[in-house]
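*Asks:* Take a look at the letters that make up each chain.
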Amino acid sequence: MWLQLSINGICLGAVYALIAVGFAIVFSVLKFSNFAHGGMISACAFMGYFFQASFKKAPPIWVTILFTAFCGVLFALFLDQIAYRSIRRNKSPNIYYFLASLTISIIITSILNVFFSKNPLAYPPLFETTTFSIGALKISKMDTMILIISAALLAALLLLINKTKIGLAIRAVAISPETSKLMGINSSMILIMIFSIAGFLSGVSGVLLGCKYGVYPDLGQTMMVKGFIASVIGGLGSLGGAIAAAFLLGLLEMFWTYVFGSLSTPVMTFVVMLLFLFIRPQGISGKFAKEKV
Amino acid sequence: MTLLQIKDLYVSYGYIDAICGVSMDIEENRITAIIGSNGAGKTTIINAISAIVRHKSGHILLGSAELPSSSNQIVRKGVVQVPEGRKIFAGLSVEENLRLGAYSRHDKDISSSLEAQYCLFPILGQRRAQDAGTLSGGEQQMLAISRALMARPKLLMLDEPSLGLAPIIVNDVFRIIQAIKEQGTTVLLVEQNANKSLAICDYAYVLENGSVIKHGKGSELLADPDISCAYLGRRR
Ligand SMILES: Nc1ncnc2c1ncn2[C@@H]1O[C@H](COP(=O)(O)OP(=O)(O)OP(=O)(O)O)[C@@H](O)[C@H]1O
Ligand SMILES: [Mg+2]
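Sequence order for the protein chains is R and G. Sequential numbering from 28 applies to the first sequence in our numbering. Sequential numbering from 48 applies to the second sequence in our numbering.
In short, the hints are calculated from the structure, not lab data. Be careful, since some hints might not be right.
A few chain R residues facing chain G, derived, Cβ under 7 angstroms [to be verified]:
#1 Ala-199
#2 Thr-206
#3 Lys-208
#4 Gly-211
#5 Asn-213
Covered by chain R, according to a simulated footprint, are these stretches of chain G (three or more residues, beta-carbon under 8 angstroms) [as the list claims (entries may be wrong)]:
#6 128 to 141
#7 246 to 257
Just so it is clear, CB atoms sit at the ideal spot from N, CA and C, and this is done for glycine as well.
Can you build the whole structure from these sequences, using the hints too?
*Replies:* The structure is reproduced here in structure tokens:
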């Protein structure tokens, strides 16, 4: 039973990790929590759903994921143009970013609520049977697919940030956009790239979440909270920390639900976040504190 | 030959005029110094060249062409600054800082440049994997200079490189600046330490309240009684 719960927890963690990393990467560079991510996830989930539904015979899931991720990038660039660009140009305080992103998320969700009901729309089933078993373990095929896709994406992202020249430039802009310009780095290009990466992640998350939970307007915001908590526990702005925290949160939720039931689970996750803020505000990674000094 | 020419430059912050009609010629393979007291506008001139601040009017010509309008492209033209206060990337390693200095380069020769820098600054070689934020002030200044050299600049601009350093380290810094010039890099040196900078520079401009009040060979200005009274702390 414990093993079964652990596997489920890890699969849940993979979903959270994808969302948490979307938060963390924007936070690391722009120093604000991009709440627009939730709205974007919902919007992308719908886009993926209608893309899938527009064919007589549903295309393979990876086509839908790629298409939606691409839409996510365009969507993110569009939001950057209409909402964030002027904030950047006027060098306004970060609280404006925060307010703009929160507003965007609410607007998107409200618009979706106008057109769609709260009843989840289901993606066409991907697999003929939902689970496969290894011995006594029952493993959901859907969860396995989500785990593999997230793991691959997270690994690619970590490689990009930590091992490439562009990644180094991203980390430099995260520390100081002004000094980065003196290195010959086009800081505004890097910011646009960060939003594109976040958009890509929201596209992938949207489809995966839609497959798992069904598509409804509040999907993104509901799930975003978990990703946000993970990015806080992980240490704001740290990708590695956010990923670790997301898996931790997934496991914790599974075990808690098994022992105490699902009603108190949300309370538990927020309590964990508060505990972290009191005891270790720099998060798992501790990077945040170092940057502040 | 003139490498960089500043013609009738005006810069203002809001209604405050920081630079009022400055003209300068920065000769190739020479050290040109700008001296002046606090708030004279020295940093503003360097930042105007780097396009960190926009100039209201006037021209900044590299060779015969106007410099591009964005900071990152100016670096690609070979005009690189070591900013006031060093501005190293704390949280990244010494080597990552140096690699960022070479960001504008497209050749594959970065690792041999790194080795060359570690030869010039052995302390950076010993600390290559260390968080640059934990270096001492003097070491950070060396790193800032070294990082700028990684870009293989045509014109290296140094903004108060001796600020806050112990006298013995200050001597090191001035020695390094001379060595950089001897290797064929043009240097624009901004300093409050007028004594030392006039001694090593070929030509100097004295800046006061955003205008050039005097200019001439370093040795001439050192001998000028007005200058020695105002900037060198000597009595008449
Ligand atoms: N960002 C800014 N906003 C408004 N005024 C500024 C700004 N930066 C500089 N100034 C003003 O412009 C003038 C010139 O400043 P600048 O930094 O160029 O002086 P400096 O010669 O480099 O002085 P120091 O030797 O103290 O570094 C000063 O009066 C300063 O108050
Ligand atoms: Mg200055």
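*Asks:* With reference to the structure, classify each hint as holding or not holding.
*Replies:* Taking the hints in turn, this is what the structure says about them:
The closest approach between the C-beta of R/Ala-199 and any C-beta of chain G is roughly 5 angstroms, which is under the 7 angstroms cut-off, so the hint is satisfied. A hinted interface residue such as R/Thr-206 counts as satisfied when its beta carbon comes closer than 7 angstroms to some beta carbon of chain G; here the least separation is about 4 angstroms, so the hint holds. Restraint check, R/Lys-208 versus chain G: the minimum CB separation of about 4 angstroms is within 7 angstroms; hint holds. Checking R/Gly-211 against chain G: minimum C-beta separation of about 3 angstroms stays under 7 angstroms; hint holds.
About 5 angstroms separates the beta-carbon of R/Asn-213 from the nearest beta-carbon of chain G, less than 7 angstroms, and the hint is met. Counting residues of the segment 128 to 141 of chain G whose beta carbon lies closer than 8 angstroms to any beta carbon of chain R gives 7, which meets the minimum of three for the stated coverage. Given a C-beta distance limit of less than 8 angstroms, the hint that chain R covers the segment 246 to 257 of chain G is violated, as 0 residues qualify and 3 are needed.
Checked against the numbered hints given earlier, the structure breaks only hint 7 and satisfies all the rest.
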